[in-house]
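Student: Take the given structure of chain A and dock chain B with the ligands to it, following the hints.
So the protein lines, in turn, are chains A and B.
Sequential numbering of the first sequence, starting at 1, is according to the working numbering.
Sequential numbering of the second sequence, starting at 1, is according to the working numbering.
Just so you know, the hints here were simulated from the structure itself, not pulled from any lab data.
Where hints are given, some of them may not hold.
In silico lysine-lysine, DSS-like type, Cα no more than 27 angstroms apart, as pairs [to be verified]:
#1 A/K111 <-> A/K132
#2 B/K107 <-> A/K12
#3 A/K104 <-> B/K189
#4 B/K6 <-> B/K35
#5 A/K12 <-> B/K170
#6 A/K111 <-> B/K189
#7 A/K327 <-> A/K311
#8 A/K271 <-> A/K311
#9 A/K132 <-> B/K189
#10 A/K104 <-> B/K170
#11 B/K131 <-> B/K223
#12 A/K346 <-> A/K271
#13 A/K311 <-> A/K346
#14 B/K170 <-> A/K132
#15 B/K170 <-> B/K107
#16 A/K111 <-> A/K182
Label-pair ranges, simulated between beta-carbon atoms [said to hold, decoys possible]:
#17 B/R183 <-> A/K132: 23 to 31 angstroms
#18 A/H299 <-> B/Y16: 54 to 62 angstroms
#19 B/Y22 <-> A/S135: 33 to 41 angstroms
#20 A/S56 <-> B/I109: 21 to 29 angstroms
#21 A/K132 <-> B/E55: 35 to 43 angstroms
#22 A/S315 <-> B/R101: 48 to 56 angstroms
#23 A/A108 <-> B/F102: 38 to 46 angstroms
#24 A/P54 <-> B/P29: 52 to 60 angstroms
#25 A/K132 <-> B/L78: 36 to 44 angstroms
#26 A/S56 <-> B/L115: 31 to 39 angstroms
Yeah, the Cβ is synthetic: ideal placement off N, Cα and C, and Gly gets one too.
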Amino acid sequence: MARIELRDVAKKYGSVEVLRNIDLEIQDGEFIVLVGPSGCGKSTLLRMVAGLEPISSGDFLIDGERMNDVRPRDRDIAMVFQSYALYPHMDVARNMGFSMEIRKDPVAERKSRVAQAAETLGLSNLTDRLPKALSGGQRQRVAMGRAIIRDPQAFLFDEPLSNLDAALRVEMRLEIARLHQKLSATMIYVTHDQVEALTLADRIVVLNGGDIQQVGSPLELYERPANKFVAQFIGSPTMNVVPVVGTATGVTAGNGAEIELPDQPLTAQAKELGVRPEHIDVVDNGSGDLSAVADVVEHLGSDTNIYVNVKGIGSMMVRKHGNIPVKSGERLGLRIQTENAHLFAKDGTALRRVA
Amino acid sequence: MSAVKKPNPALIVGKYAALAFYLIFALFPLYWLLKIGLTPDALIYSEGTRLFPSEVTFSNFTTVIFQTDFVAYFRNSLVVSLGAAFFTTLFAAGAGYAFSRFVFAGKRIIIALMLVTQMFPLLMIIAPIYKIVADLGLLNSLTSLIVVYTAFNIPFATFLMQSFFDGIPKDLEDAAMMDGCSRFQALRKVVFPLTLPGLGATLGFVFTAAWSELLFALMLISKNDAMTFPVGLLTFVSKFSVDWGQMMAAGVLALIPSCLFFIFIQRYLVQGLTSGAVKG
Ligand SMILES: Nc1ncnc2c1ncn2[C@@H]1O[C@H](COP(=O)(O)OP(=O)(O)OP(=O)(O)O)[C@@H](O)[C@H]1O
Ligand SMILES: [Mg+2]
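Looking at chain A on its own, in the form it has when it is part of the complex (with noise of 0.2 angstroms):
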């Protein structure tokens, strides 16, 4: 159980600044998915809520307590890295118990609970194996283990699935979804996979180049976004951004089309136009905002991707549910749904909707 703030926190190798004006409140039990491209500092913010990672400047605080300089050791937080760094030279059983065993722990005490743990993560006839001879995904569960043992306050997860298969992936985060809800534990969680961190997070936080760009459930950033650095980052495929001139009513794309928004008040303002793939509606060819021309279609069963060109603006995709009969080389009419559709500053940043 544990409330973890950052205030303004900052972090510096040398003069280069890698993390600059975190400021975060994780609330007890919270599950937050930090994501953002590479090199973002994703896990550097990670390993300074460790304790691995000096922090640079601002202040970091467990439960109110400032921990800045507090070890690792002493803040009864867990963490299971990307790489697992299961301890090559002992078996499951001792790598999974080896917190215990540094705190001196009863030793029928530590038994008990590896085998509990084992148990649950469906390793009881592996105890005895080093870990060279464990499969990924089994190796993986090691990792957990060695984290769950401990009971902690909080876990750290540095993108623990990344190197599993994709069936193992859903697998695990389905097991990683049981565990808090088990645990109830305070858990931070780092990824590069939309779905996981849609999926797992009570709130996302978005990082680009050392700066948070937006904190908020799943649901806000998909359908708010800040700015366009999470627009485009958040919701797959990849939300179509155009650019256009705001009017007083709407705004004007490349190819002179004039598409009205009536429920976005700084039209003025705009200067690109957000619309994710599912808010475009395919109309007969002559009606609708936009007339286009299909390039590739894929049938997915489920759904259709449409990557489509329109004639002043370039390539835009459409993703419809369904099958819908439409061939390369067609001509058609889109609509944009305009309700859905965002609206972006010169600097990048949305401008907000009414309601």
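Tutor: The following block gives chain B with the ligands in isolation, referenced to the frame of chain A:
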């Protein structure tokens, strides 16, 4: 259906032939050493080129052991080599760990300087070393050899140890610290067991280098009771004759510790101890 391809028999024969050839090439001089050591003195010149002597004797060995100072030389060599191996490995492990894990001011300069020390021919610096050792009053002492060998082996041993530490993922130490270890505990419980192959290799390397070192031993030691084995071996060469049989017998005996040492450490030299630590 079997996915495993049957190996080509010709290839196997070829491999073993190549190995056999190499073994003969490497072991023949050792065999010759043993053979001459076992040949009675009277027959050495008449049977010099025969592959097997017509008569075998252990008299050279018993003479060397019981009637010369060989045992003292041997003991001196053991003290010096073990001492040098121990201290070199101790310092090299510390320095290698620091080079591998920490960023600190002057790191590159220190590494460059250590490389530079490897570039001077020994003959160039032997006189100043002699002067220093003499000024310290350490001439004719085993300590002088331990100090000098340690100093000269540290740079290479440090690079060796550094590469071993580089091979141990830093995540392992971080994981240990998350598991409640202090940095020192993480070193002792996680890093140290994984560095055993590196420590073994470094110990073995320095031990053998010190065991067979002649130049410094010759310069710094002139008293018989402090001589190491390579210097002592020269006493078998008198002005007018060389006692080949005894010299070879001494040579065979001198090989024993190196062999034992490598048998002892070879289980730590097996690679792959860190496999399974990371990724899948
Ligand atoms: N020890 C270090 N010295 C200097 N710069 C560093 C160091 N460690 C990390 N960095 C820099 O800090 C930035 C953030 O690194 P970090 O590992 O936190 O990224 P990340 O978001 O975890 O990336 P990824 O998704 O690839 O894991 C990077 O630009 C990296 O080059
Ligand atoms: Mg990372």
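Student: Which numbered conditions among the earlier hints are violated in the structure presented, ordered from lowest to highest?
Tutor: Violated hints (numbers, rising): 4 and 21; every other hint is consistent with the structure.
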